[in-house]
Amino acid sequence: MSTTVKAYVEQLLDEGKIKGFLGLREENGHIMPHLFCSPEDLVHMSLGDNTRPGDARYPLNQLLITLAAKYPDDTFAVLVRGCDERGLKELFKWEQLREEKVIPVGIGCPDELAKACECEKPFPEALIEGPQGQKVDSEKVAHVDGMDLETRLEFWLGEFDRCIKCFGCRNVCPMCFCNECALQEESLVGTGKIPPDNPTFHLTRAVHMVGRCIDCGLCEEACPADIPLRTLYKKVADIVHEAFGYRTGYEPDKKSPFNIIGGL
Amino acid sequence: MEFKSVLTTCPYCGCGCGLLLEVLDGKLVGTLPSKTSRANEGKLCIKGWTVHEFVTNSKRLTQPMVRRNGTLEEASWDEALSLAAGRLAEIKEKYGPDSIAMLTSAKCTNEENYLLQKFCRAAIGTNNIDHCARL
Amino acid sequence: MAQKRMTFLQKLMSFSGIDPDRLRLRWVSSADASAFVDEISQFTEDLKKMGPNPLKAKEAA
Chain A
0 MSTTVKAYVE QLLDEGKIKG FLGLREENGH IMPHLFCSPE DLVHMSLGDN TRPGDARYPL
60 NQLLITLAAK YPDDTFAVLV RGCDERGLKE LFKWEQLREE KVIPVGIGCP DELAKACECE
120 KPFPEALIEG PQGQKVDSEK VAHVDGMDLE TRLEFWLGEF DRCIKCFGCR NVCPMCFCNE
180 CALQEESLVG TGKIPPDNPT FHLTRAVHMV GRCIDCGLCE EACPADIPLR TLYKKVADIV
240 HEAFGYRTGY EPDKKSPFNI IGGL
Chain B
0 MEFKSVLTTC PYCGCGCGLL LEVLDGKLVG TLPSKTSRAN EGKLCIKGWT VHEFVTNSKR
60 LTQPMVRRNG TLEEASWDEA LSLAAGRLAE IKEKYGPDSI AMLTSAKCTN EENYLLQKFC
120 RAAIGTNNID HCARL
Chain C
0 MAQKRMTFLQ KLMSFSGIDP DRLRLRWVSS ADASAFVDEI SQFTEDLKKM GPNPLKAKEA
60 A
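Protein chains in written order, with numbering that gives the first Met the number 0: chain A, 0 to 263; chain B, 0 to 134; chain C, 0 to 60.
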């Protein structure tokens, strides 16, 4: 499947257009992030499919920020799915990456993955290989919306109760780049207890996902307690869309509503 | 220029979560859970997530330290080992082997734990060996 | 900006199972002390009618 991607990246490297391709490497049955700097190395390339499509995805954009910070004058290519491209569009606006220094190498997600993710757009514009999948509506959000107020509270408090404050959701998030995180601020979230302030911890994170969350699902995959984080953050995106007409990761010229003083 | 992930096992507890150390030009820049490791399936606890922090921490000991007149001072391996062996022998002689106890750790390998309990039971001669997991 | 945050927060509270009416935004001039007092008094009354916050009970449990 990855022959087109491989050929494309090989060309970019041969033509000297990029210093390296930030993608995934497979070795001894394990898949992990890797910077490919030579075409010969590409034989180990993986697209992040271990036993099921997309089950070995990593926050490549996050790693790219670290790479670009050390090598700001070099151009890199990066493996992107639909969600990652949404991430790039926002990161350019947040000035964590420079658009002229990033070449996205896009892959489309198969139906199985799109359905599991309930993805709005399971393929990037810069599509090199893979299908242009269909949008999938979220049933999980609708399910919670269908509950009454009391049941909803019961539901969420129960889910958040299992939280062990591992910070996995925040650590793995490709859009979280703050040097000082509100969740570690003692005046906002109490320290020294598990589960952390319920529901303050998770609602605080949810508020910070406004204009930031690209619905990649890495947070939910990293949660050892199987908390339905995506359902919460998807609702955040819905509210922002309904109330402010803003969709995260689609408009290169419009800033997130919480990033602009004034305006409604 | 080199950026790679190094697959390793978390040193903290007996779970043995697979984690990836992110290395940029030979320097540790971050930690990620290994999605393909069966023990943890892409998840980590807070200790595993912060492995890269302690590895590069400036407070890590680089030299043995000996307490002289109440203050910890840098010493040579020979001095430190001689002091430890000498004092343990003295205490064993004066107060008996059961006056000494040893505490080992999940951070050690099975082999290191085996060695310590062997030292405790055979060399010191006491059963006072325990483990941090029991605290 | 505050209006944006409030609008968003009330909807998020509702989704999380907390009555959005427990959060209220009002603009009052610092020179208009009586209006401020009226607003707070009214809000206090309204909150009392809503009953104790369910989160309080969970905290105690």
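Hints listed in this document are in silico derivations from the structure and should not be mistaken for laboratory results. Given the structure is predicted, the values throughout are model-derived calculations rather than measurements. Quick reminder that beta carbons are idealized off the backbone N, C-alpha and C, glycines included. Certain hints may be false.
Below, simulated DSS-like cross-link-like pairs (lysine-lysine); rule was C-alpha separation at most 27 Å, straight line [stated by the list, open to error]:
id	chain 1	residue 1	chain 2	residue 2
1	A	139	C	10
2	B	46	B	58
3	B	106	A	16
4	A	139	C	48
5	A	164	C	47
6	A	16	B	3
7	A	164	B	106
8	B	106	B	46
9	B	58	A	69
10	B	106	A	192
11	A	100	B	58
Distance ranges between label pairs, derived from CB positions [stated by the list, open to error]:
id	chain 1	residue 1	chain 2	residue 2	range
12	A	190	C	33	50 to 56 Å
13	A	91	B	69	55 to 61 Å
14	B	111	A	6	57 to 63 Å
Evaluation of the provided hints:
1. A/139 - C/10: holds (17 Å)
2. B/46 - B/58: This hinted pair holds, its Cα atoms lying about 17 Å apart.
3. B/106 - A/16: violated (45 Å)
4. A/139 - C/48: With Cα atoms ~33 Å apart, residue 139 of chain A and residue 48 of chain C exceed 27 Å; violated.
5. A/164 - C/47: violated (34 Å)
6. A/16 - B/3: holds (21 Å)
7. A/164 - B/106: holds (21 Å)
8. B/106 - B/46: holds (12 Å)
9. B/58 - A/69: Distance of about 25 Å is within 27 Å: holds.
10. B/106 - A/192: holds (24 Å)
11. A/100 - B/58: violated (37 Å)
12. A/190 - C/33: 50 to 56 Å: violated (42 Å)
13. A/91 - B/69: 55 to 61 Å: Given about 57 Å between the Cβ atoms, the range holds.
14. B/111 - A/6: 57 to 63 Å: Roughly 49 Å apart at Cβ, these two residues miss the hinted range, so it is violated.
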